[in-house]
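Undergrad: First to last, the sequence lines map onto chains U and X. When we follow this note's numbering, the leftmost residue of the first sequence carries the number 1, and every step to the right adds one. When we follow this note's numbering, the leftmost residue of the second sequence carries the number 1, and every step to the right adds one.
Hints listed in this document are in silico derivations from the structure and should not be mistaken for laboratory results. Incorrect hints may have been included.
30 Å max Cα-Cα, derived DSSO-like pairs, lysine-lysine [to be verified]:
(1) X/Lys80 with U/Lys262
(2) U/Lys262 with U/Lys159
(3) U/Lys216 with X/Lys80
(4) U/Lys88 with U/Lys159
(5) U/Lys230 with X/Lys215
(6) U/Lys88 with U/Lys262
(7) U/Lys230 with U/Lys216
All values reported here derive from a predicted model rather than from experimental measurement.
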Amino acid sequence: MTVSRPWRIALRVIGLGYLAALLLVPVAVIFYRTFEHGIGAVWDSITTPAAISAFTLTLEVTAIAVPLNTIFGIVMAMQLARGRFRGKTLLNALIDLPFAISPVVIGLALVLVYGLNGWFGRSLADAGIQVIFSTPGIVLATIFVSLPFVVREVTPVLKEVGDEQEQAAATLGANAWQSFWRITLPSIRWGVAYGVVLSVARSIGEFGAVSVVSGKISGETETLTLLVEKRFSNFDLAGAYAASALLAVIALVTLLAMTMIKPRREEEEH
Amino acid sequence: MLGLGVATLWLSIIVLLPLAAVVVRSTDGGFSTFWDAVSSRQAVSALRFTLLVSLLTAAVNAAFGTLIAWVLVRDRFRGKRIVNALIDLPFALPTIVAGLTLLTLYGPRSPFGIDVAYTQFAVLLALLFVTLPFVIRAVQPVLIELDREMEQAALSLGANNRTVFRRIVLPNLVPAILSGAALAFARAVGEFGSIVLISGNIPFRTQVSSVYIFKQIESDAPISAAATSTVLLLVSLLVLVGIRGLGRWGARHDR
């Protein structure tokens with residue numbers, strides 16, 4: 001199809017115009033609104049005790065959820081790419097569930113299992129463990145929502161790479177552990193990295209599921225995204241913008257990492 | 001085999017057990033309580049609006065997504081790589097920030113004087129934002145792989161551009177467009193963070209199911225919330241099954 005120049009430019013203008021109105025201008029405005037009263041005010045509002053505690057909690061939760069999902073993701077991907085067992089199709093479909101389910105439903109699901117009136121609520125309370133309205137609940141919600149990323153990025157790479165090298169290593173006397181560290185992992189590392197970046201972004205940015213299970217106790221169970229909402233509801237617009245800008249910067253860094261890793265991951269796939 | 005066992009157990013504890021709890025506990029008060037919760041006027045109205053606005057979102061982004069994918073693959077202009085990287089922004093930006101951002105630009109304090117906050121259009125806008133990448137990222141690779149010799153052959157045989165697009169390009173893209181749109185639809189049905197601020201949550205008008213469920217949880221009616229959630233779960237499952245079917249159809253199409 002050879003599209004004439006005027007048509008090509010018209011399509012370009014429509015496409016880029018849509019992107020500008022939907023993506024670019026809104027994000028530019030958030031930075032403008034954040035810094036319109038000077039950088040000092042912004043600094044003050046992202047260094048209040050509540051903000052620092054929210055930031056720390058968000059990082060802690062991410063630091064727990066992402067490694068667990070990475071290990072699960074690699075193990076599961078190896079089974080899906082290499083294993084032969086009954087129910088593989090079903091398992092493959094089940095992994096996508098967290099992508100398709102509303103975050104609010106995910107939060108509710110955790111409350112119904114671990115909340116005071118939940119399936120395990122009573123026994124957990126008797127054991128002195130609080131999950132809902134506490135950090136473990138936030139961690140569980142975050143693990144749930146970011147579960148599929150690493151699996152989904154690593155499985156196609158593993159399929160593409162094949163297992164000839166691993167078999168060669170095995171005939172040369174390498175054990176499973178050596179073969180994994182020396183051969184499998186190096187050949188999928190960019191796929192893993194891409195999945196980890198996506199998991200980190202989702203973990204830091206999760207709002208719906210966390211908002212149901214957190215209880216939103218300032219300085220204790222309030223994550224960065226919850227802080228944005230609370231400040232907005234309390235008419236602290238400048239504060240909400242400052243926290244949003246911080247999250248937007250994290251998103252831009254994520255985007256940069258994605259752009260840098262993507263070509264390498266695609267190389268692995270070919 | 002140990003790996004498979006542990007991974008499946010982990011998936012069961014983290015994902016399947018909680019979801020089972022939603023379905024099982026939605027009938028805690030018997031089937032009539034479940035049915036009352038699901039068929040209450042507010043729940044039905046929220047679900048109807050959710051499905052309609054999600055369908056519209058999927059349709060609009062199917063059209064614009066295909067167009068943008070075409071521009072990114074076939075057109076040449078400065079800064080294309082940056083634009084291409086920015087497409088993923090909605091995946092990287094927290095949804096609550098997306099909501100606040102859109103409210104700032106298209107809300108009461110809009111610098112352009114466009115105020116659509118707390119309307120059904122605002123919900124559509126938020127959903128268009130968060131689901132933007134799906135169709136683009138689904139269509140792009142297919143368009144890159146598409147054999148241009150087929151198009152040239154058609155042109156040399158006297159077909160005009162319109163015919164080439166309708167008979168050759170579009171049929172090759174349809175499976176990708178549909179599966180991207182289905183993903184966008186699934187995401188839109190469950191979306192919460194970007195909508196909660198901008199929708200104003202007006203019952204019978206801008207209230208979507210996820211926000212309705214959230215309000216039910218807040219007003220301490222978890223069983224009723226579970227009932228509506230079960231319906232949403234069913235919708236998600238249907239869409240997932242549909243996407244799998246599309247994937248198989250697309251794979252057959254390739255050969």
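Undergrad: Please go over all the hints and tell whether each is borne out by the structure.
TA: To see whether the hints hold, each was checked on the structure:
Between X/Lys80 and U/Lys262 the CA atoms are separated by roughly 16 Å; this keeps the pair inside 30 Å, and the hint holds. Distance hint between U/Lys262 and U/Lys159 is fulfilled; the C-alpha atoms sit about 18 Å from each other, no more than 30 Å. Of the supplied pair hints, the one linking U/Lys216 and X/Lys80 is violated, its CA atoms being roughly 42 Å apart against a limit of 30 Å. Distance restraint check for U/Lys88 and U/Lys159: the Cα-Cα separation of roughly 15 Å lies within the 30 Å cut-off, and the hinted pair is therefore satisfied.
For the given pair, U/Lys230 sits about 16 Å from X/Lys215 by alpha-carbon distance, which is consistent with the 30 Å threshold. Note on U/Lys88 and U/Lys262: the hinted pairing holds, with a Cα-Cα distance of about 28 Å set against a maximum of 30 Å. Restraint check for U/Lys230 and U/Lys216: the C-alpha separation of about 9 Å stays at or below 30 Å, so the hint holds.
In this structure, only the earlier hint numbered 3 is contradicted, and the remaining ones agree with it.
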